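As given, the protein sequences belong to chains A, B and C, one line each in that order. Throughout, the numbering used here is defined as the position within the first sequence, counted from one, plus 1039. Throughout, the numbering used here is defined as the position within the second sequence, counted from one, plus 1039. Throughout, the numbering used here is defined as the position within the third sequence, counted from one, plus 1039.
These aren't lab readings, by the way, just hints derived from the structure by calculation. Bear in mind that the values here come from a model prediction, so they are computed numbers and not experimental data. Check each hint, because a few of them may be wrong.
Unchecked claim - The calculated lysine to aspartate or glutamate pairs, modelled on DMTMM-like cross-linking and capped at a C-alpha distance of 20 Å, are:
1. B:K1209 with A:E1204
2. A:K1209 with C:D1066
3. B:K1209 with A:E1072
4. C:K1209 with B:D1066
5. C:K1209 with B:E1072
6. A:K1209 with C:E1072
What the hints assert, rightly or not - Listing some non-contacts, in silico: residues in chain A with all C-beta distances to chain B over 12 Å:
7. A1082
8. Q1083
9. D1131
10. V1140
11. R1153
Even for Gly, the Cβ is constructed at its ideal location relative to N, Cα and C.
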Amino acid sequence: MSSSMAELKMVESSAADLTAAVVTVSDSCARGEREDLSGPAVAQLLLKLHFSITVREVVSDDSIQIQNVLIRLAHDVRFVVTTGGTGIAVRDVTPEATTAVCDRLLDGVAERMRSEGSRNTPFALLSRGVCGVRGRALILNLPGSPTGAVESLEAVVHLIPHALELLDGKTEHG
Amino acid sequence: MSSSMAELKMVESSAADLTAAVVTVSDSCARGEREDLSGPAVAQLLLKLHFSITVREVVSDDSIQIQNVLIRLAHDVRFVVTTGGTGIAVRDVTPEATTAVCDRLLDGVAERMRSEGSRNTPFALLSRGVCGVRGRALILNLPGSPTGAVESLEAVVHLIPHALELLDGKTEHG
Amino acid sequence: MSSSMAELKMVESSAADLTAAVVTVSDSCARGEREDLSGPAVAQLLLKLHFSITVREVVSDDSIQIQNVLIRLAHDVRFVVTTGGTGIAVRDVTPEATTAVCDRLLDGVAERMRSEGSRNTPFALLSRGVCGVRGRALILNLPGSPTGAVESLEAVVHLIPHALELLDGKTEHG
């Protein structure tokens, strides 16, 4: 979409500190039984949009492990992106782990990922990924499939630089 | 809509165990003062979509009673559908009762019922119905009016067989 | 939009008691350092739609102060509208304060404000404003900018008279 391209250009022109980390949440990737395709795909898109990726990590579908990684990364970078663990199976716990470490959630970001995603696949509506604020960092959950992760990120990434500026206290209305 | 018809066909071709129960939540229906039109309408649509209805029940707008019915039915069937009690009046407690017995909620399903419903009546936005997972079962809250119940179900029923497969552990991405 | 105009006309023909209060949530307005433009803009729109404004107040971005104002006003009027404090900065606490004093939330109203708002500005998706019920009153959070506040109110105000009737117990389906 041309409007989407225009929105993505907004990312490039931001003055915010666009440090980012990418976390792949997957038991099989963590065990080395499966190649992580989503993490690199997400990182590639972020680099293209002029985010600087400081780290990529792979973690099991374990709530405590996920929380620890998010706490550590949210201290070091402004934008922490996860991929995986957003589904409805019992072992999918990324949204719960993210909610546990966030100060507040931005429901509108999750709503937009789902509604945009459902244009490509109706099952995007089943994704439970959240977006939240922890300190001065944003944490965003993307689905586990490479295509779903990239499409979800594209649907909302234009909001991130402005959101980071707001977290820096750059507001217009008091 | 033709796209809707295509989506409904997806339901028919699913390999999942499509057992379903329909629960009418209504004080007046439970007292026998009003004919239950919504329960039969929902059951008829589910049958047409090749779900097998194992039971239909009528329960008062009482949170504990609703919870007990949902717990029992979610043990026996894969898809428990309620109709009624999703409004904003004090006695409308179906969403709270459902949330209380669910392991996790699928916000995207509720969002879609509201946004699709609002095309027919703006007041669909006031519906508070939720969709959640309890064990291997899905529980879905529909509004109390026959038309609203059927339209809301039609808006999301194509997601159910895939969701049930995911609950069975049939996932592509680990 | 013509459909929007039709919906706004629905407000005018309602039989509900359309008493309203407008609360501006802003540290700088409360200190008198900034002129409150949003409160008057919201009040003007409500008057045009035949709501009777009983009071306008200005309060700091302080959760306890906001809660106390909302509790008091929800006792006196049917529709309490706030403007400001819905963003993602640390001092934005209006949604949390509103949630704390509400019996239940109407997620569909917040969803619609965000999705409609994002047609004008993508950053509307970052708004965390909620709509909730307290007793027989509705409380609605609008963003802090005059334009954002008016646009958000226009997106959902047609739902208010019907919602107030439902809170009065005027339901069709039991």
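We went through each hint and held it up to the structure:
1. With a C-alpha separation of about 41 Å, the suggested pair K1209 of chain B and E1204 of chain A falls outside the 20 Å cut-off, and the hint is violated.
2. Straight-line distance between C-alpha atoms of K1209 of chain A and D1066 of chain C comes to about 15 Å, which keeps the hinted pair within the 20 Å bound.
3. Annotation: proposed proximity of K1209 of chain B to E1072 of chain A holds, straight-line Cα distance about 17 Å (limit 20 Å).
4. This hinted pair checks out: K1209 of chain C and D1066 of chain B have alpha carbons roughly 15 Å apart, not beyond 20 Å.
5. Among the hinted pairs, K1209 of chain C with E1072 of chain B is consistent with the structure: their alpha-carbon atoms are about 17 Å apart, no more than 20 Å.
6. In summary, the hint linking K1209 of chain A to E1072 of chain C is supported, as the alpha carbons are separated by about 17 Å, within the 20 Å threshold.
7. Consistency note on A1082 of chain A: stated as away from chain B, and its beta-carbon is indeed over 12 Å from all of that chain's, at 17 Å minimum.
8. Residue placement check: Q1083 of chain A keeps its beta carbon more than 12 Å from all beta carbons of chain B (closest about 18 Å).
9. Look at D1131 of chain A: its CB is around 8 Å from the nearest CB on chain B, not clear of 12 Å, so calling it non-interface is violated.
10. Every Cβ of chain B is farther than 12 Å from the Cβ of V1140 of chain A; the closest lies at roughly 18 Å, confirming the non-interface assignment.
11. Not every beta carbon of chain B lies more than 12 Å from that of R1153 of chain A, the smallest distance being close to 4 Å; the non-interface claim is violated.
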